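Peer 1: Build the complex from these two chains, which are given one at a time in their own frames, with help from the hints.
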Amino acid sequence: MTAVPATEEDGAGKLAENILHFGRTLRAAGMPVGPGRVIEALRAVEATGVRRRDDFYWALHAVFVNRRDQRELFDQTFHIFWRNPRLLERMLATLLPRTRFGGEDETNDVSRRVADALFPGMSDDAQASRQEVEVDATLTYSANESLGAKDFESMSAAEIAEAKALIARIRLPIERVLTRRFAPDPRGPRIDMRSTLRSVLRTGGGTIPLRRRAQNRRPPPLVIICDISGSMSQYSRMLLHFVHAITSDRDRVHTFLFGTRLTNITRFLRYRDVDVALKKVGEGVVDWSGGTRIGACLKHFNTHWSRRVLGQGAMVLLISDGLDRDAAEGLEVEIDRLHRSCRRLIWLNPLLSYEQFEPKSLGVATILRHVDEFRPVHNINSLRDLAQALGGASQKREKAWKMPGKCVA
Amino acid sequence: MLHPLPASIDETLELLTAGHYVADRSLATTLYLCLSLGRPLFLEGEAGVGKTEIAIVLAKMLGRRLVRLQCYEGLDVASAVYEWNYAAQMIEIRMAEAHGVTDRDVISKDVFSERFLLKRPLLKALECDDVGSPVLLIDELDRTDEPFEAFLLEVLSDYQITVPEIGTFGAEEPPITIVTSNRTREIHDALKRRCFYYWVDYPNAEREHAILTARLPGIDEQLSRQVVAFVQELRKMDLFKHPGIAETIDWSSALMQLDKLSLDPQTVNDTLGMLLKYQDDIAKIGGSEAATILDKVNSELAAVGA
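As you go down the protein sequences, you meet chains H and F in turn. One point on numbering: in the numbering used here, the residue at position 240 of the first sequence is 240, and numbering is uninterrupted. One point on numbering: in the numbering used here, the residue at position 139 of the second sequence is 139, and numbering is uninterrupted.
A couple of the hints might just be wrong.
[To be verified] To spell it out: a stretch of chain H is covered by chain F in this simulated footprint if at least three of its residues, at any positions, have a beta carbon under 8 Å from a beta carbon of chain F; those stretches are:
(1) 175-183
(2) 302-309
[What the hints assert, rightly or not] Label pairs and their computed distance ranges (CB to CB):
(3) H:S195 - F:G218: 54 to 60 Å
(4) F:P164 - H:I191: 17 to 23 Å
(5) H:R212 - F:A246: 42 to 48 Å
(6) H:T266 - F:Q70: 39 to 45 Å
(7) F:E127 - H:R267: 39 to 45 Å
(8) F:D189 - H:D385: 34 to 40 Å
[To be verified] Simulated pairs of lysine-lysine, DSSO-like, Cα-Cα distance not exceeding 30 Å:
(9) H:K279 - F:K241
(10) F:K192 - H:K280
(11) F:K260 - F:K296
(12) F:K241 - F:K260
(13) F:K236 - F:K284
(14) F:K296 - F:K236
Quick caveat, the hints were computed from the structure, so don't treat them as lab data. Owing to the predicted nature of the structure, the values given are computational and were not obtained by experimental measurement. All C-beta atoms, glycine included, are put in the ideal place defined by N, C-alpha and C.
Just chain F, with the same shape it has in the complex (with noise of 0.2 Å):
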C-alpha cells in the first residue's frame, strides 16, 4: 500500500499518533520538516525515550522498507556498506582455471560482478522499490569511532557509495534517515549540522499517560494514573539515572501482569527494580522513601478526582 508523505504538520501528528506513538508537536514539526526537506533528523536523548520507535513507526505506517543500522565500536565498511562473498569469489576462481581462462581482466570482471556483492545496510537504504525509499535507521550513533562518522558524513551529504570495483551506487530517492544518539559520546558539529536535531525529552504526565494508554490498551484507568504520577515523582528526585518511558510501560505491563488494580508501598518495593536499574538508586527509593511518595501520589489524585 502506497502512503504519501504528510503534507503538513497536523498530518504528520496524525501519521504518528494513528501508529499508536504520541508525540509533541515539536517534534512533529522537525519530523515534517525533515521529510519535505528531505534532510536527516538526528534524535538524541536519554535511553527508552522512544527515538528508535519513530523510525519504526515510521516506516510502518508510511510502508516502506525499515532498513536498520546498529552502531558498535569498531563497525567498518564490511559490515555497515558491503562486503564480498570470498567462498564464492574462489570457486569462480577455481572454475576459471579449470576452463582454461587465464586472462586476468576477464577473471577479474567476473569475480567483483554484482552478483558476488553482500549488501549490508548502508548500500541496501540506497535501493528504491516501488513504494519508494526505504526509512534508513542509523541506531545508537554515539557507539562507534569517529572514522566511521566521517565515512557516515559522506554518504549523508550525497547519498552514493562507490565500491572501487564496480562503481558507484547512487540513490534515485534519498532514504528518510532517522539518527539516533545516546549522547555517551559527542557527535562531531560537521555531522549534525547535515541533520535535524531534535532532543528527545521525558513526557509530561499528560503525555506520559496518553503513552501508556496507547501502548497498553487494556490498562486500568486508576493504576495508570497512579505509574505515571509515581514515576514523574520519582523524575523529579535525585537519582543517577531517571526512569524512561520504556520502564513506566515495562512497569506498567508487569503490575498488570500480577492483576494490580492500585499501586502499595509492598509491590513497589517488589518490582522497583523495572524502574530503576542502579543499586545506588534502588537503595534510596526502596523501604519507606517508595511509601512517602505513593501517600504524596495517592493525595495529589485524590485532590484532583475531588
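The following block holds chain H by itself, in its conformation from the complex (with noise of 0.2 Å):
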C-alpha cells in the first residue's frame, strides 16, 4: 500500500482503500475480483496517475473487466462509487438501511445487482421471491394473452446470487453417444493406419507399432421446449436460470418458450451474463402468463423446427404443466410425431411434486401416453435430482415413467 501515490485531497492511504472497497463492491455485484486483482489495480493507478477521470477508468476497467459483459456492470459501479466515495464509506460502515431515499436517483437506472451490492441489507423482497417458488401452482389457466414484456429487473442479487450459485453446478451428465468419428485409444478396435505409418518413420522401419483408434463420443444435441404461460409463471423465472445454466455449459442446445405461440430463445440466452440473457429474453418473448395452446405450439415446432434442430440423435426437455387451454386439441399427433423424431422426449412437470397428483387433465393424460420420461421439477432439489437421473437413466427407449404416488421428488 505504500506505492499509492498521495491525492491532494485525502492523502495516500485513502485511494489504496477506495481502490479496495472499490473491488469488494464489485465482487458483491458478481464479478470474480479477487485480491490480487486489488494489488493490481493499484500498481495500474499508480502508473497511470489520478490526473484525469477517464485514465483512471480504463486503468480500472483494464484490470477489473475480462469479458464483455461485465463492462456494463463496472461502468455502473464506477460511476456511482467514484461520484461520492465518503457517502459510500459511511454507508458501508455502519451499514444502515437509509440508501433508499438518499440514492433514489442514482438507484434508478442502474440493475438491481449494481444496487444491492453497494447497499446490502436492502434486498427485503429477496426473500419473498424465495419463497415463491416454493408456493402452490395455482390451476387457473386464462384465455388471455398479455401482452406486453416482463420485467427482470425486479430480481435481486441476493436471490441470484443464491440460485444462480446453486443452478450453475447443476450439471445435465447426458449419456454421450457414439459419433461417426474416431479418436487415438490404444485400445480401440480399428487400427489407425496414418498414426502407425508415421510411427514407423520414428523407428526407421525395423518394427511396425500398430496404433488403434475407437469411435469417438458426444452429448447428443439438447432441445428444450418451455411452457411459459400463467399457470408456470412462478417457477419459469428459474427454470429460465436452469436453461441459461444448461446454455453456457454445453453446445448445441435449442430453447423454445411457448404459451400461445412458440418462440424461439436460442440466441438470448447464448449472453453469458444471465441478467442480459433474460432480459432480451423478456424483450423478445410476447406471450409471458397468458394461456397455453400446447397442440398448437408442438405443431408449430414439428413443421418448423423440428426437421432444423432433431438431427444427430437430439434430446428434447419438455417442460409444461400440461395443462391446455384448448382442452387437448390435436395434441396427441403432435406429441406422438415429435415423440418420434427425437432420441428421448423427457417430460419435466412442476405439478408432479403433489402427492395427490393425478393425470385427470386431458392434455396431461395426453402427453403421458407419448413420453420416455417423467420427472418433477418445482424447486433446485428437483433439478438435481434431475441431472442426476439423467447421467445415470439408460438411455433405451422404454416406459420410463412411473404412474403418479410412486414418483417423488
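Peer 2: Spelled out as C-alpha cells, the structure:
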C-alpha cells in the first residue's frame, strides 16, 4: 500500500482503501475480483496517475473487466462509487439501510445487482421471491394472451447469487452417444493406419507398432421446450436460470418458449451474463403468463423447427404443467410426432411435486402416453435429481415414467 | 470446349435455361455475382427444390469438371481432403529395407511423396485443368458436424490445403464453389458470411410448368397444367412436408408411364405416394379430399381456358 500516490485531498491511505472497497463492491455485484486484482489495480492507478477521470476509469477497467458482458456492470458501479465515495464509505461502515431515500436518483437507472452490492441489506423482497418458488401452482389458466414484456429487473442480487450458485453447479450429464468420428485409443477396435505409418518413421521401419483408434463419444444436442403460460409463471423464472446454466455449459442447446405461440430464444441465451440474457428474453417474448395452447405450439415446432434442430440424435426436454386451454385439441398427433422424431423425450412437470397429483387433465393424460420419462421440476432439489437421473438413466427407449404416487421428488 | 463465364445476369439466365434449368432472375443475379466476384454460393431450401441441380447444370454448361463432396456425419479429413495409400507405403518401406536403405530421412521422403497421396474431393477441387477451375459442389453440408464446418471455413477463405508431410497445395484459380444445405441444422454464421446466400423456394405455377416442360419434353399440355395446379394447391395446405419440384417431375413421369392424359381421382389416390412421403399427409389428402382439390383445379383451369 505504500506505493500508492498521494492525492491532494485525502492522502496516500485513502485512495488505496477506496480502490479496495471498489474491488469489494464489484465482487459483491457478482464479478470475480480477488485480492490479486486489487493489488494490480493499485499498480495500474500508480502507473496512470489520477489526474484525469477517464484515465483512472480505463486503468481500473483494464484490470477488473475481462469479459465483454462485465462492462456494463463495471461502468454503473464505477460511476456511482466514484461520484461520492465518502457517502458510500459511511454506508459500508454503518450498514444503515437509509440509502433508499438518499440515493434514489442514482439507483433508479442501475441494475438491481449493483444497487444490492452497494447497499446490502436492502433487498427485503429477496426472501419473498425465494419463497414464491415453493408456493402452490395456481390451477387457473387464463385464455387471454397478456401482451407486454415482463420486467426482469425486479430480481435481486441475493436471490440470483443463491439460486445461481446452486443452479450453475447443476450439470446435465446426459450420456454421450457414439459419433462416426474416430479418436486415438490404445485399446480401440480399429487400426489407425495414418498414425501407424508415421510411427514407423520414428523407428526406421524395423518394427511396425500398431496404433489404434475408437469411435468418439459426444453429448447429443438438447432441445428444451418450456411452457411460460400463467399457470407456470411461478416456475418459469427459475427454470430460465436453469436453462441458461445448461446453455452456457454445453454446445448444441436449443431453447423454445411457448404460451399461446412458440418463440425461439436460443440466441438470447448465448449472452453469458444471465441478467442480460433474461432481459433479452423478456423483450423477445410476447406471451408471458397468458394462456396455453400446447397442441398448436407443438405443431408449429414440428412443422417449422423439428427438422432444423432435432438432427444428430437430439434429446428433448418438455417443461410444462400439461394444462391446456384448447382442451388437448390436436395434442395427441403432435406429441406423438415429436416423440418419434427425437432420441428421447423427457417431460418435466412442476405439478408432479404434489402427492395427490393425478393425470386427470386431458392434456396431461395425452402427453403421458408419449413420453420416455416423466419427472418433477419444482425446486432446485428436483433439478439436481433430474441431473443425476439423466446421467444414470438408461438411454434405451422404454416407458421409464412411473404412475403418480410412486414418483416423488 | 471452352465456355467463358457469363458476362451479365441475362447471360447467366440464358446459360441456365440452355441447361434445362428454369431459374428465377433473383437466382441468376446471385449466381452471376458469385461467378464474377469469386465467392461461394450458399443454397438453402427444402429437399427437392433443385439445389444440387444448379451445380450440375453449371458444370455441364461451362464445360468444367464437377467435383462433388457429399457430406455425412463423421466426414473427416481422410475422406474429404486426402488419404495416404498405406498398402503401397508399406511395400515401399519393405523394398527400402531389402535394398539396405536405413536413412530415416530418405525413407520418409520416399514414403510421404505425392505418389502415395490419394486425393479426395477438396484437394481435387484445387487442381485446374486446361478448361479452368472445376465446379466444387459441397452437398448437404448440414449433415456433417461443426468441426468439419470449421475446417471448411479455412479452405473456403484462402483455397489452400496443407498436407504436413509434403507442403501446401494452393489453387491457381479458386474453384466455383456451391454449398447446399437442407437446414436440418443451422450452419454457423462465420461460414455463411463468406458465401452469398440464396434461399431456393418452391416455384410459382408459371415457372413450375416451364420446369416440367423443360424436364419432360413429351408431356401433354393438359396433364402438365393439371399436375402443376394440383401440386400448387397441395403446397397451400397444412401438410407436414410439401411436395418439391423433384416430386412433381417424378409424379408427372409416372403418370406419363401410365399413359394418362388427364388426372382423375382414382389415379391421384393410387399414385399419391409419389408426391407425399408421410403417412399422415397421405391419409389427410387421400380419398374425398383429393377429389375436392381436383374439382377445384379443373374448374379453375376451365375458367382460365374459357
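Peer 1: Now look at each hint and say whether the structure bears it out.
Peer 2: Checked hints:
1. 175-183: Result for this restraint: holds, n = 4.
2. 302-309: holds (count 5)
3. H:S195 - F:G218: 54 to 60 Å: Roughly 57 Å apart at Cβ, these two residues keep to the hinted range, so it holds.
4. F:P164 - H:I191: 17 to 23 Å: Roughly 20 Å apart at Cβ, these two residues keep to the hinted range, so it holds.
5. H:R212 - F:A246: 42 to 48 Å: Holds - the Cβ-Cβ distance for R212 (chain H) and A246 (chain F), about 43 Å, lies within 42 to 48 Å.
6. H:T266 - F:Q70: 39 to 45 Å: Cβ of T266 (chain H) to Cβ of Q70 (chain F): about 28 Å, so the range 39 to 45 Å is violated.
7. F:E127 - H:R267: 39 to 45 Å: Given about 40 Å between the Cβ atoms, the range holds.
8. F:D189 - H:D385: 34 to 40 Å: holds, 37 Å
9. H:K279 - F:K241: violated, 36 Å
10. F:K192 - H:K280: Roughly 24 Å between the alpha carbons, so the hint for K192 (chain F) and K280 (chain H) holds.
11. F:K260 - F:K296: Distance of about 19 Å is within 30 Å: holds.
12. F:K241 - F:K260: The given pair, whose Cα atoms are some 26 Å apart, holds under the 30 Å limit.
13. F:K236 - F:K284: holds, 14 Å
14. F:K296 - F:K236: holds, 13 Å
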